[in-house]
Amino acid sequence: MQRKRVLLHSKKRRAILGKIIVYFLLVVGAIVFLVPFIWMLSTSVKPPEEVYIFPPKWIPSRFVWENYVKIFELMPTGRFLLNSLVISCLTMAGSVISCSLVGFAFARLRFRGSGILFFILLITMMLPHQVTMVPLYMIFSKLGWVGTYFPLIVPAFFGNPYFIFLLRQFFTTIPKELDEAAKVDGCSIPGIFARIIVPMSKPALGIVAILSFTDAWNDFMGPLIYLSEFTKFPISLGLRAFQTLRVVQWELLMATSAIALIPVLVLFFLAQKNYIQGIVISGVKG
Amino acid sequence: MKRKRTIHQIEEMTAYVFLSPWLIGFLAFVAIPMVLSLFYSFTDANMLTSPQFIGLKNYRNLFSFDDTVSLFWKTLYNTSFYTFVGVPLNIALGLFIAVLLNQKIRGLGVFRTIYYLPSVISGVAVSLLWAWIFHPHFGVLNHLLSLVGISGPAWLFDEAWAKPALIIMNLWGAGGSMLIFLAGLQGIPTQLYEAAELDGASTWAKFWKVTIPMLSPTIFFVLVTNIIGSFQVFTSSYVMTAGGPNNATMMYVLWLFNLAFQQFNMGFACSLAWVYLLIMVAFTALVFKSSPAWVYYESDIVGGRKS
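Line order of the protein sequences matches chains L and C.
Just so you know, we're using our numbering here: the first sequence kicks off at 11 and counts up by one.
Just so you know, we're using our numbering here: the second sequence kicks off at -19 and counts up by one.
Derived by calculation from the structure, the hints in this document are not laboratory data.
In this text, all values refer to a predicted model and were calculated from it rather than measured experimentally.
Ideal Cβ positions, reconstructed from N, Cα and C, are used throughout, including at glycine.
Possibly wrong hints are sitting among the right ones.
Unchecked claim - Using 25 Å as the maximum straight-line C-alpha spacing, the simulated BS3-like pairs for lysine-lysine come out as follows: (1) K189/C with K21/L; (2) K84/C with K21/L; (3) K29/L with K84/C; (4) K67/L with K80/L; (5) K21/L with K186/C; (6) K37/C with K29/L; (7) K84/C with K22/L; (8) K189/C with K22/L; (9) K84/C with K186/C; (10) K37/C with K54/C; (11) K189/C with K29/L; (12) K84/C with K283/L.
To be verified - Per the computed footprint, the stretches of chain C lying under chain L, defined by three or more beta-carbons under 8 Å from a beta-carbon of chain L, are: (13) 13 to 21; (14) 133 to 147; (15) 229 to 239.
Using the sequences provided together with the hints, build the complete structure.
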């Protein structure tokens, strides 16, 4: 009896100790993961003379909020952000429209060659786009599209294998009985798509919208290849220009970087649940 | 009978209409460019003069060991180092955090958001942020190291430390794999752990004998996608080091980009692209071939469960 109680006691103590270690590791890890963000924000409001000192100060002696005004005066940052917004919104619209149509066909319709086409889709999911990068540039340059947004936006309207797969996975989870019932009521195939599948798939369509927007917003290589006119730059190229054009001013670079990250972070916080679900749908069930 | 067939025909026609964006996109942006790419890889295409057929010269040059002719071996080494050191570390860290978060703790949502946040963002802004963190004199990393008495290296300016620096930066994004592992962990039936406990298994034994085998399909998926993604690394090396110092961070795709869009050596760049594709295919085939040896699928035993 006595021994058992001691044993239980030590087991409980071990469990508590384990919990303390877990929380300790999680808190320390969280701080480490947050330090880069804090460093960015701290640098972005520093006066220039406090940027280049060692050891660095975490909290500047005075907060220079003007840095965030200066970046819009020194560079057409507002213009860059607007350009990014235009490119990202159009890419998002193209991806959502085209991928939902194609995903619906793969999930619901019977047609010859569906097996082989789906196989091709899976293969192209793995295909690195670097393989087609050079000939695509040559094709787009023949079309006179170099220097325009077309090479960045138009392909989105023709489906993205990853998003098609994601939507197809989601559509197959919608009960087929709903389609059958609608069919009995005289609903056509496009009607089933528009009235049943789309309204029931808002979370999945939301994921595709967010991911395609974020991808376009963060894209650097595409604009780097196709755009050369300063006023057409999206924020990714604008940041790069900021880094190379003048003597590097880290406080201003960090302020611009922080601004560039805001839209993606806002989207993430607004739709955190969708976001996580999307990763899980495409990741675990894949 | 006749009516039924027409219904099927309508369905089939409708299907092709729905598929048409992707069918056209696949032909225009994938299939035709790939064939063109293969064709150009046997030419001296350069955007200025019309391409001349030069046989296997591009491929012969590509595999040359002469640094002035080809950076193939150098970039292959750099990219492989970045991938095969970075990805396992990334997965180990992601798994470690996921296991900690799976301990029925309070504040799960907050911790999950903090760890996942860095992997949401990417691109030039993040590369600039890390270039500033790694700054040899005024960067925060060397400051933190100096607090524990270590005098940090010059990171991106040091040939030996530039690649590890990029790997450290990549670890900041371990939240992506963490999230997938966390979902995988929550799918493991608790009875398995209870049974193991009855058999007197230690925490360590439970981790290796239950968690890892049950999670192996997820680990497999994360491994494959991370390796493919890691081989495409471009923005960080372009923005942070431009491939330097002394080509220490010259990655395969960065070299391809430079050849194609700075030297307009399109033909040579196409041969690079095809070799790159073959490497990826061979690698993926290898991983899939090896998977039965270490990936444990529930359906192997239960049978019939198809996803």
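Here is what the structure says about each hint:
| no. | hint | verdict |
| --- | --- | --- |
| 1 | K189/C with K21/L | holds, 22 Å |
| 2 | K84/C with K21/L | holds, 18 Å |
| 3 | K29/L with K84/C | holds, 10 Å |
| 4 | K67/L with K80/L | holds, 22 Å |
| 5 | K21/L with K186/C | holds, 17 Å |
| 6 | K37/C with K29/L | violated, 63 Å |
| 7 | K84/C with K22/L | holds, 16 Å |
| 8 | K189/C with K22/L | holds, 24 Å |
| 9 | K84/C with K186/C | holds, 16 Å |
| 10 | K37/C with K54/C | holds, 20 Å |
| 11 | K189/C with K29/L | holds, 22 Å |
| 12 | K84/C with K283/L | holds, 19 Å |
| 13 | 13 to 21 | holds (count 5) |
| 14 | 133 to 147 | violated (count 0) |
| 15 | 229 to 239 | holds (count 3) |
Of the numbered hints listed earlier, those contradicted by the structure are 6 and 14.
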